[in-house]
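> Listed in order, the protein sequences are those of chains A and B. Counting from 82, one number per residue, gives the positions in the first sequence under the numbering used here. Counting from 82, one number per residue, gives the positions in the second sequence under the numbering used here.
Please keep in mind that the hints were generated in silico from the structure rather than gathered at the bench. Quick caveat, the model's predicted, so the values are computed rather than measured. It is possible that some hints are incorrect.
One copy or two, either will do: identical chains are not told apart, so a pair holds if it fits within one copy or between any two.
Computed cross-link-like contacts, EDC-like style, restricted to lysine to aspartate or glutamate with a CA-CA straight-line distance of at most 16 angstroms [claimed, not checked]:
#: 1; residue 1: Lys123; residue 2: Asp568
#: 2; residue 1: Lys323; residue 2: Glu351
#: 3; residue 1: Lys161; residue 2: Asp116
#: 4; residue 1: Lys537; residue 2: Glu139
The primary structure of each chain is shown beneath.
2 protein chains.
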Amino acid sequence: MSSTEASNNSGVNGTEAASSRSLLRRIVDFLDEADWSFKKDKDRPIVKFISPDSLMSEYAEMLGLPDKPVPEDVLLDNLKTVYDLSVTSNHPRFYNQLFGRVHEESVVGSLLTDAINASIYTYEVAPVFTVMERLAMQQFLELFGFQNGEGVCTPGGSIGNMYAISLAKSAVFPDARRLGLAAMPPAKIYVSMESHYSMVKGASFMGFGENAVVKVATDEHGRMKVDALREHIKSDTENGQKPLMVVATAGTTVLGVYDPISEVANVCQEFNVWLHVDGCLGGSAILSESRRHLLDGCQRADSLTWNPHKMLGVNLQCSLLLTRHSGALQRAHGTQAAYLFQQDKFYPPQFDIGDKVIQCGRKVDVLKLWAVWRGLGKSGLGDLVDRKFTLAKQLANLIAQRQKTDGSFELIAEPESTNVLFWYIPPALRGQPADWSKRDDSWWRQMDAVAPLLKKRMTLDGSMLIGYQKCAASKNINCWRMVCSQDTNSEQDMERIVGEFCRFGEDISV
Amino acid sequence: MSSTEASNNSGVNGTEAASSRSLLRRIVDFLDEADWSFKKDKDRPIVKFISPDSLMSEYAEMLGLPDKPVPEDVLLDNLKTVYDLSVTSNHPRFYNQLFGRVHEESVVGSLLTDAINASIYTYEVAPVFTVMERLAMQQFLELFGFQNGEGVCTPGGSIGNMYAISLAKSAVFPDARRLGLAAMPPAKIYVSMESHYSMVKGASFMGFGENAVVKVATDEHGRMKVDALREHIKSDTENGQKPLMVVATAGTTVLGVYDPISEVANVCQEFNVWLHVDGCLGGSAILSESRRHLLDGCQRADSLTWNPHKMLGVNLQCSLLLTRHSGALQRAHGTQAAYLFQQDKFYPPQFDIGDKVIQCGRKVDVLKLWAVWRGLGKSGLGDLVDRKFTLAKQLANLIAQRQKTDGSFELIAEPESTNVLFWYIPPALRGQPADWSKRDDSWWRQMDAVAPLLKKRMTLDGSMLIGYQKCAASKNINCWRMVCSQDTNSEQDMERIVGEFCRFGEDISV
C-alpha cells in the first residue's frame, strides 16, 4: 500500500470504512443514523432554537464561503451541523405550515433528478421528463374534470397563480403581449378577503397594480359571497373597468375553507369572465372519495393551481398549473428562442415544451411526484388526504370539549380541511361571556399577547411548532392555526397538543 | 422467523441484502453502479435516442400514474429505466447547453435540502438557511464590488431578470405598485440584439409589452454598440418615453461575449437609468483572476443576475439576483402577509426574508451552492472557470487550423468565454471564397441543411450532444454552438469532437 492510499483510507475523523465511501454514501449513512424520517424517535425536540445573532457568531466560519477548499470530513461535519440546527418538516410535530412529512419516494425521485440534472425544455436533453410532465398533466386534467387542456409544473403556487393571471390576460387582452397594459382598459381581478396574498403580489409584479385586485367580502365561514362578487363585476363593468378574472380559493390559507366554486362559476359564465381556482392547498381533496365534493364545479374553471408539495408529501417545489385551453400557454408565453426550439429538428418540435413557460432552464419537478404517486397509488394518496382532514376534525372536537368543560380553549371555526383555528385561554383570562361583543377591549389586548409568548415557550422547549396570526375570523386577535399536516399523527397526538398548550400556558399572565 | 419477515426479506427481484435496505440506499447503490459521475467510463453513449412516440407507447405503463401502489422493487426498476433513458448533463460529452457536470457536493447538498424540506421564508422554520442565504449574498455583493445591497436566490435566471425589471420599475415608478403600469408613462427597456430572450418574455409577462424592449445594435463581435444605445435613449426621451433600464449582457447566450459594461454604465449615469447586468452565463468569470476583467464596471450596476448552475457545476436551480440598493426587494415586493411575517415574534423580524421575493413557499437553493463552494473553494471554482474558457480557445484553434489546412471547418467567431461558433463543411461544399458575400444562395441553403442532418446522426450514434442554431453572426444559417461546459475535458477531447464531425459529416450531401 502506498502512502497516498494509506492517507486516503485513514480520513481525518472517520474510520477506514467511512473514508473510502463516496460523500453521497456518507450523507445517506448520516441521514439513516439521524433517523431523518422519524421512524424511531418521535419525541426528540423539533427545534434547537438559537437566536439569529448567536447562530451567526457561533457558526460564522461554517456559514462562510472560503477561498480554499475544506477537507471532505470537515464538509461532512458541516452538513451534519446544518441538519442538526434545522427544522425539518418531516418531524411528526411540525404543524407550522401547510405541508408535512415528505415521502421517501419523493426524496429518491429528487435525488435522481439532481444526479441527472436535466433542464426540462427540450425532448432532446430531457426525453423522459418532458414526456412524463406532459402525460402527468393529462391525467391531472382528467382528474379535475377538464375535457381538454394542458399544464405545467411551476416553481411554487404563487408563480402558478401569476401564470393564471398571464393566461387570463392573454385571453382577454391578446394585444397586451405586444403593446403592454398601458394600451388596455383598466382591469379588475376578483378574489375573496381570505385569498392568498400571492394574487396581490402577482397583480403588482405583473403591472396591473394592487388596486386592480378587488377583495370580495366573505360569509361567516370565510367563503366568498357570490352576490357581492356579482355586484362588484356589474358596477365595475358599468364604470368602464374590464373584469379580467375571478379567483375561487379552494382551501384558504388561514381558515382552510373552500369558496363555492359552482356558484362562482355561474357568475363567471354570466359575465364571461375567466375563472381561476386556486387549489394550491385544497386541490388534493380531488383524490379523496369523501372530500372531492368540496371541489364541485372546478371542471368549469379556465385555470387551476395545485401544490402536491402540500398535502401529498412531495418535497418542495412541486406545483402545477392546469388550464382547459389547449395552446394557451404557448400563446401567452411563446417566444420561439431560435437557439433552443429549432423547427428543423429530426423529431416533432411539439415535444419541446420549454417555450410554454416563463423560465428558460427549468429543474425537473415531476419525477418526485411521479415516484410518490407510483409508490403510494392514487388510493394511498387519497387515504392520506382523508387522514389529515380527519385529524383536524378530531382536534376541533377536543378543543370544543375543552371549551365546554373548563374554558381553556375556544374554537374559532369548524375546520373544513386541515387547519384548525383556536385560542388557548390561560386560567387568568377564562370565564368570559360567549358573546364576543360582551368582552372588553383590555381582555382582547391581553389575549392578543398570549400567542407570541406561548410560541416562544413552545419553540424554546422544542415541543412542537404551530403558527399563530391575526385574522378576520379571530377579530384580528392573535389565534393559533394548527395545520394537521402529519398523516403519521393519531388522535393521541392531538390530545398531546392540547396538553402541551396547558403546560406552556398555565402560568401565563399578560 | 415469521412468514412476514421472510417475505419482507426475499423481495420481488432483489437479493435478501438489497431488500432490507431503504429505497434511498438502494438508489444510491444503483447510481454508484451506473457510474453516475462518469469516473470510470467516458465512452459510453450520451443518449440512447428513442422517438417521442415510441417512448410513449413502449413505456406507457411506466410513465403513468396508477390507482394502486406499485411494489418497491418495481418502482426501483422504473427509476433505473428513467435514468437509462435520460440524457445526463454530467456526461463528459454533453456540450449542448450552458451547463455541465454537477459536483458531488452539490447533489449531496440538494439531498440534505430535500430531506429537511424547509421553506426558506422565515427564520422560525429555516434558521440556518435564511441566514446562509443572507450571508452568501453579502459575500457575492462584495465579490462583484457592490458596497452595499442585498440579494436572493431565484428559480432560474429568467425569473431573476424579471426581478431586475421589477426593481427598476419600483425605483422609477414607485406608484406603479398600487396603480399599475396603465397610470405610468410608456417605458423602455434597452437590451442588445444578442441578449437573452427572457428580457422580452419578462417585459411581456410583466405588462410592459414586447414593444417596450428596444434591441440595440451590436458590433462585429456581438457587443452592444454604446453609441446606438445613447441615441435610442435620447430620442425616446425626447418622444415622451421613459427609459426604465438598460441591460448589459455579460456572456451572451449564443456567442458568449460580454457587453462593454463600463461604457454602458457611463450612458446609464448620463441619463440616470437603472443598469442591470445579466451575468447569468458569464458572471462566474468574477472568480477567475485572469478573466474577471471581462466584468469591469459591474460594480456600477444597480442589479445583477448570475447562475452558479451554469459554469460552477451546481445543479439546477441555482440563480442569484443581487442589487446594490438595500431594502429594494422589500419595497418592490413586500406585502407583509400576516400569517407568516408576524411582527410580534420573539426574534428580530428582519430575519424573515420571505417577503422580499415573489414566491411564498420557496425551496432552499443555497445549500448546494454552499456545499460546492466549501468543497472546492473560491480558488477551485476559479480554476474550473479558467479551464472551460481555455478549452474553448483550444477548440477554436483546432477549428481555425482545419479552416486553413483542408477547409473542413469555419470558425464564426473567436470565443470570448465557453461558446465556440463554427460550421462543419462537408467535402462536397468546401472551397468557397473567404468573402461570404461571394458565396451564392444555393450554397448557403445547403449549408443550412447540414447541421440538422448531422445532429440527427450524432444523436442516434450517441457520440456527443452539441446544439446548432441560426444567428446573426452566422448570417442566419444553422451553425454549431459548442459549449465547453465540461471541465473534465482535455485538449484531446476537443480533438475528438473535430474528428467526430468528420466521421458523421464526410458523406453528407444536401
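> If a hint holds in the structure, say so; if it doesn't, say that too.
So, going through the hints one by one against the coordinates:
1. For the identical chains of this complex, Lys123 and Asp568 are intra-copy neighbours only, at 13 angstroms inside a copy versus 45 angstroms across copies, given an alpha-carbon limit of 16 angstroms.
2. Proximity of Lys323 to Glu351 under the C-alpha cut-off of 16 angstroms is restricted to the intra-copy arrangement: shortest distance 14 angstroms within a copy versus 40 angstroms between copies.
3. In the homo-oligomer, the alpha carbons of Lys161 and Asp116 lie at most 16 angstroms apart inside one protomer (13 angstroms), although the nearest pairing across protomers, at 26 angstroms, exceeds that limit.
4. For the identical chains of this complex, Lys537 and Glu139 are neighbours neither inside a copy (21 angstroms) nor across copies (56 angstroms), given an alpha-carbon limit of 16 angstroms.
Consistency with the previously given hints fails for number 4 only.
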